[in-house]
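**Student:** Same order as they appear, the protein sequences are chains A and B. The letter at position 104 of the first sequence is residue 95 when you use my numbering, and the numbering goes up by one with no holes. For my numbering, add 2 to where a residue sits in the second sequence, where the first one is 1.
No lab work stands behind these hints: they were computed from the structure. Treat each hint with caution, since some may be false.
As the list claims (entries may be wrong) - Examples of chain A residues toward chain B, derived with CB under 7 Å:
| id | residue |
| --- | --- |
| 1 | 147 |
| 2 | 150 |
| 3 | 165 |
| 4 | 171 |
| 5 | 176 |
As the list claims (entries may be wrong) - Simulated pairs of lysine-lysine, DSBU-like, Cα-Cα distance not exceeding 30 Å:
| id | chain 1 | residue 1 | chain 2 | residue 2 |
| --- | --- | --- | --- | --- |
| 6 | A | 83 | B | 29 |
| 7 | A | 83 | A | 214 |
| 8 | B | 27 | B | 73 |
| 9 | A | 140 | A | 214 |
| 10 | A | 140 | B | 29 |
| 11 | B | 73 | B | 29 |
| 12 | A | 83 | A | 188 |
| 13 | A | 140 | A | 83 |
| 14 | B | 27 | A | 214 |
Stated by the list, open to error - Some chain A residues well away from chain B (every beta-carbon gap over 12 Å; in silico):
| id | residue |
| --- | --- |
| 15 | 35 |
| 16 | 170 |
| 17 | 173 |
Where a beta carbon is used, it is the ideal one built from N, C-alpha and C, also for glycine.
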Amino acid sequence: MSSFDHYAKRPHEHGHSHGHDHGHDAHAPAGEEPGGPPSEYEIMSRAMQELMEARGLVTAEQIQRRIELFDEEFPYRGGRVVARAWTDPAFKHRLLADGRAACLEMGIELEAERLIAVENTPEVHNVIVCTLCSCYPRALLGMPPTWYKSRNYRSRVVFEPRAVLREFGTTLPDSVIVRVHDSNADMRYVVVPMRPKGTEGWSEERLAGILTRDTLVGVTVPKAG
Amino acid sequence: MRNEGARSTYTPAPGHRFNVGDRVKVKRLFPPGHRRTPAYIRGKRGEIERICGAFPNPEELAYGFDGEPRKILYRVRFAQRHVWPEYRGPERDVIEMEIFEHWLEPDGQPGAP
């Protein structure tokens, strides 16, 4: 009917499952205005949607479907990549040297995204943000969580990263360097967390299960339990 | 801190002015228009962490031009206590970001953080 349907068309079928559990925004930073007033852009966007619905140009179902298609087009695949890096040191080396080429080895095309993988070690903990907007490695991690785009996270994690990490339940000793990456231009970032004790002998698939989206942004660390 | 990115260059960076480890200062300029250099880092001193390559100039792309000539993009590492004088974390904490070459100048100040 409308040009909207054109954009809502499925680009191509994907065979993957959607069994992963990473869609929760349960632990956004404290003080993220729950129930606060919507932003000006949110109000404009809602008003536009309602007007278009009232005039019969789009339906709420079409909009919901388009949101789902975004998710299907770029599902969360980062856990698989890091699980491979955990089990294959040569692959990890290649991932750290050129993220895009390493993902391609696994059949994951990042399109134009240049991916820099940064490794957590006993000395360094990495965390990703985009202070200017909300740049995020969508082709690898899917749609960013709401808190990643929030003003609270974007403005605070650069100057008080340890406080923000604590709100996510991640407390780091002062002996560990916190390395914040502001994803402000053409690169995209993914954290390679440390493999936790108690995962010896696990399959890649099982390892991927603990590599949630939040661990790959660097706000939490994976746990075996 | 170990610098795993020192050898990774994603696209060629012909004629790049700075090398990994060079001390640089971000220009303290506030021109109007679309800029990818965060305001909080302008005027701050850091060190080249890696050379990302040559990319279309976002300051031109934003207004419908083709972004040519491309500009060399670097990742620059800054000490948090230098960026934020009120920073309460340990001295070794760092923040890194991408800065285009035309926003950088050599930092002649010896022993700068």
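**Student:** Should the interface hint for residue 165 of chain A be scored as holding, given a Cβ-Cβ cut-off of 7 Å against chain B?
**Tutor:** holds, 5 Å
**Student:** Verify the proposed pairing of residue 140 of chain A with residue 83 of chain A, using a straight-line Cα cut of 30 Å.
**Tutor:** holds, 29 Å
**Student:** Residue 150 of chain A was flagged as interface toward chain B. Is the shortest Cβ-Cβ separation under 7 Å?
**Tutor:** Holds, because the Cβ-Cβ distance from residue 150 of chain A to chain B comes to roughly 5 Å (cut-off 7 Å).
**Student:** Check the hint pairing residue 83 of chain A with residue 29 of chain B against an upper bound of 30 Å on the C-alpha distance.
**Tutor:** Roughly 36 Å between the alpha carbons, so the hint for residue 83 of chain A and residue 29 of chain B is violated.
**Student:** Taking 30 Å as the top limit, are the C-alpha atoms of residue 140 of chain A and residue 29 of chain B close enough?
**Tutor:** Holds. Residue 140 of chain A to residue 29 of chain B sits at ~27 Å (cutoff 30 Å).
**Student:** Holds or violated: residue 83 of chain A and residue 214 of chain A, Cα atoms, limit 30 Å.
**Tutor:** holds, 20 Å
**Student:** Given the hinted pair residue 27 of chain B and residue 73 of chain B, is their alpha-carbon gap at most 30 Å?
**Tutor:** This hinted pair holds, its Cα atoms lying about 17 Å apart.
**Student:** Between residue 27 of chain B and residue 214 of chain A, is the straight-line Cα distance small enough, at 30 Å or below?
**Tutor:** Not satisfied, since the Cα-Cα distance of roughly 40 Å exceeds 30 Å.
**Student:** CA of residue 73 of chain B to CA of residue 29 of chain B, is that 30 Å or under?
**Tutor:** Holds, at about 16 Å.
**Student:** Take a quick look at whether residue 140 of chain A and residue 214 of chain A sit within 30 Å of each other, Cα to Cα.
**Tutor:** holds, 25 Å
**Student:** Given the hinted pair residue 83 of chain A and residue 188 of chain A, is their alpha-carbon gap at most 30 Å?
**Tutor:** Within the cut-off at roughly 18 Å; holds.
**Student:** Going by Cβ atoms, does residue 35 of chain A stay more than 12 Å from chain B at every point?
**Tutor:** Non-interface label stands for residue 35 of chain A: nearest chain B Cβ at 20 Å, farther than 12 Å.
In summary, the numbered hints that this structure violates are 1, 6, 14, 16, 17.
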